[in-house]
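Heads up: the protein sequence lines correspond to chains E and Z, in order. As numbered in the working numbering, residues 1 to 308 make up the first sequence, in order. As numbered in the working numbering, residues 1 to 286 make up the second sequence, in order.
No lab work stands behind these hints, which were simulated from the structure alone. All values reported here derive from a predicted model rather than from experimental measurement. Some hints could be false.
[Said to hold, decoys possible] Cut-off 30 Å, straight-line C-alpha distance, at most; resulting in silico cross-link-like pairs (DSS-like, lysine-lysine):
#, chain 1, residue 1, chain 2, residue 2
1, Z, 246, E, 75
2, Z, 79, Z, 246
3, E, 75, Z, 141
4, E, 75, Z, 227
5, Z, 244, E, 75
6, Z, 79, E, 75
[Said to hold, decoys possible] The following label-pair restraints were derived from C-beta to C-beta distances:
#, chain 1, residue 1, chain 2, residue 2, range
7, Z, 68, E, 152, 41 to 47 Å
8, E, 127, Z, 141, 40 to 46 Å
9, E, 153, Z, 227, 28 to 34 Å
10, Z, 278, E, 24, 58 to 64 Å
11, E, 127, Z, 274, 52 to 58 Å
12, Z, 47, E, 32, 18 to 24 Å
Just so it is clear, CB atoms sit at the ideal spot from N, CA and C, and this is done for glycine as well.
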Amino acid sequence: MRLRKKIDRFAGITFFVNAVLAAGVLFGILLFLFSYGVRAFIPAPGTDPGDPESRPLTILGFLFGTVWNPDAYGKPHYGLIPLFLGSLLTTLIALTISVPLGIAGAIFIAERLTGWVRIGVKMVVELFAGFPSVVIGLFGLVVLAPLIARTFNLSSGLNLFTASIILAVMSLPTIISVSEDALRVVPHSYREAAYALGASPWTTAIKVILPAARSGILAAVMLGFGRAIGETMAVLMVAGNAPIIPRSLFDPVRTITTTLAIELGETAANSIHFFSLFALGFVLFVIALATNLIAESLIRREKRSFTL
Amino acid sequence: MKKLLALITTFALSTSLIAGEIIVKGSDTMLNLVQRLAEGFGAVRGDVTVSVAGGGSGVGITAITNREVDIANASRAIKSKEISAARAQGVNPVEIVIALDGLAVIVNSKNPVKNLTVQQIGAIYRGEIKNWNEVGGPNKKIVLYGRQPNSGTFVFFREEVVKGEYASYMRQMNGNAQIVDAVKNDEGGIGYVGLGYIRNVEGIRPLAVAKSSQDQYISPLNEADVKSGAYPLTRPLYQYTNGKPKGQVLDFIRFELSPEGQKIVEEEGFVAVTQPYIEKNNKILQ
């Protein structure tokens, strides 16, 4: 009896330490990004204040600047807006495609498929969830982009639209897989009650099961969002990489992630450009954190309304 | 014991103070060329391995400043800011020219435009000329393809041709091969690539370029014109070392500049070093 108590306490402490460690790592990354990124806004000691290349950024200039051109011929510009819009637009458009399709797919797999067929289909979906992004990017570059160019009579298929489709393809398996898990966890009694009241399987699925699995589905969408906004390689190959504010669906765009990939290797260490990239990383981290917090508060509100 | 051995080996491989390895990094334009030169050198000097990586001229220059490599490949000259950053770290970059490259401006083969002046190409890339019919072509929007800011080709083209900012909507591609592919599939496209990428390629046409509207239009396909400097868009391909090259690094560079090395340069589609650069090199390699 005493041994069992000891093991219990030991397990409790281990899990607590692990949780603290995980949270600590995340917090540590945040702190690291912030401490490097903030140096872009502080003049470095010993630099010539007249030199345009080492002039520190201003917060307003960074957050609301509409031009990102750090390796400029003339004066460098460090405006976040084109990159922020690039990341946001590609992700949101991708989600408008993949979320409805993903949830619909999940409903089909959870409610209509049985036995070996369901297991097989789930396996295939999970295989695609792990697909290397570079391969999907290659597919986008060689197959999808020319196809889109031909279909919409464009000169080039490397644009916001193609990048969004590629991101939809990448986030879809994740959304299907996690949503399907969420739907299956809903107790069978819900379904039986609905059937007893005369509901068809379709009505049951949409009006009873789906709302019951709401928090899980939201988690799936959050994961899909995270996958899409953090994707670098595939977007790098098909988005056109021009750091502009897109005025049409078929304009090229640049995201925060591709900017980090392109520019980090060639910046001189400890230059303003170098630190500004960390500031970009910090912004991306904050976006991901904010969406997660919003999602969490929504779920909590749901749970409260259920326990009336 | 095994872990200690692994640690020691990793340390040894990370610097060529241990005899037998030279680490080279930088320009993607020069990657294949220097890899072939490395192979040629290895055949002559079996005791030395030369490892070559890409990443872009900017990456190479940053690497030599951080003392991570022995030689940095660059398809553009080092900037004065980079020189001071290097000196601040105690690194003294020394410049050698190992080959010359021509930069071809390519259009889709269905595009009837054959000749452009350097000024016209500059205006196109600055976004001032937006339609092919302004330069004698069909009524089609011009779609710009270029490299990314870490590329030496990006910087060189901007300094020598664009002489201003690139149009913000220029599509920034990952490498020479991607630009060729993009222009091949885009009838309104224009791009710039190294000479080595235009030989025997279908679907694209390199333009004949003139220094100004009074000069002759010269095609980059004519090797003699690129060598003589008659073709306006030629650039030297550089290698930077920390201080004057010594020991096995000096041997490698001497091999690159030898008749055997320069033969490899020409086989790869580049141009052998010309007299003014030979003299500059000799001052350093003495």
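inquiry  = Going through the numbered hints above, which ones does this structure break? Give me the numbers in ascending order.
reply    = Hints 1, 4, 5, 9 and 12 are the ones this structure does not satisfy, whereas the remaining hints hold.
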